[in-house]
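Just so you know, numbering that gives the first Met the number 0 puts the end of the sequence shown at 177, numbered straight through with nothing missing.
It is worth saying that the hints were derived from the structure and are not from the lab.
Here are the simulated lysine to aspartate or glutamate pairs, EDC-like style, with alpha carbons at most 20 Å apart:
hint: 1; residue 1: K147; residue 2: E175
hint: 2; residue 1: K97; residue 2: D142
hint: 3; residue 1: K31; residue 2: E175
hint: 4; residue 1: K118; residue 2: D142
hint: 5; residue 1: K55; residue 2: D135
hint: 6; residue 1: K46; residue 2: D34
hint: 7; residue 1: K75; residue 2: D90
hint: 8; residue 1: K46; residue 2: E109
hint: 9; residue 1: K46; residue 2: D142
hint: 10; residue 1: K46; residue 2: E149
hint: 11; residue 1: K55; residue 2: D142
hint: 12; residue 1: K160; residue 2: E45
hint: 13; residue 1: K94; residue 2: E59
hint: 14; residue 1: K29; residue 2: D135
hint: 15; residue 1: K98; residue 2: D135
hint: 16; residue 1: K139; residue 2: E59
hint: 17; residue 1: K112; residue 2: E45
hint: 18; residue 1: K132; residue 2: E122
hint: 19; residue 1: K100; residue 2: D56
hint: 20; residue 1: K147; residue 2: E45
hint: 21; residue 1: K46; residue 2: D56
hint: 22; residue 1: K29; residue 2: E45
hint: 23; residue 1: K139; residue 2: E45
hint: 24; residue 1: K97; residue 2: E143
hint: 25; residue 1: K29; residue 2: E119
hint: 26; residue 1: K98; residue 2: E60
hint: 27; residue 1: K98; residue 2: E109
hint: 28; residue 1: K139; residue 2: E119
hint: 29; residue 1: K42; residue 2: E149
hint: 30; residue 1: K46; residue 2: E175
Since we're looking at a predicted model, the values are computed, not measured.
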Amino acid sequence: MAKYRKLGRTSSQRKALLRNQVTALLSNGKIKTTDAKAKEIRKIAEKLIAMAVREKDNFEEVTVKAKVARKDKDGKREKEVVDGKKVTIYDEVDKTIKKDKPSKLHARREMLKVLYPVKEVPEAQAGKKKNTKEVDLVAKLFDEIAPKYEGRQGGYTRIVKIGQRKGDAAMEVLIELV
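Could you build all of it, start to finish, from the sequences and the hints given here?
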């Protein structure tokens, strides 16, 4: 018995299809697809979510000194003249940042191998390219999805059968995050 379904595609096409559908599932919460594809998507998505649940609190908070430009009341940078040139004034500020431990960093990189970059377009300004935002799907996995499934031992997705597709009678399903 094979370890995975070939889905009637070459390996590169199959990998691209599964990566695309897993990315869509995690960004939207649910997708509609065929039964065979959904069972393959489930394997990949469950592994990613389990990794996020396991590593979500694996970081340390570090205080670092950062140079931040001083701003006036309008939000513009303050400048002063030094040797005949205008130079921005910087202040040193202590900032607390979250630093991933090595295992969380590895998990983040493994997730980035699977997930495609996602761009989000606000509905109010649809059709304008400059208003699109890059969505950090890995951060969404760690910050939103993982805390939701913290006490759960697997079974993060649900497959609901819809019925047969009109054209080729393939069984269509709705795969969603529980």
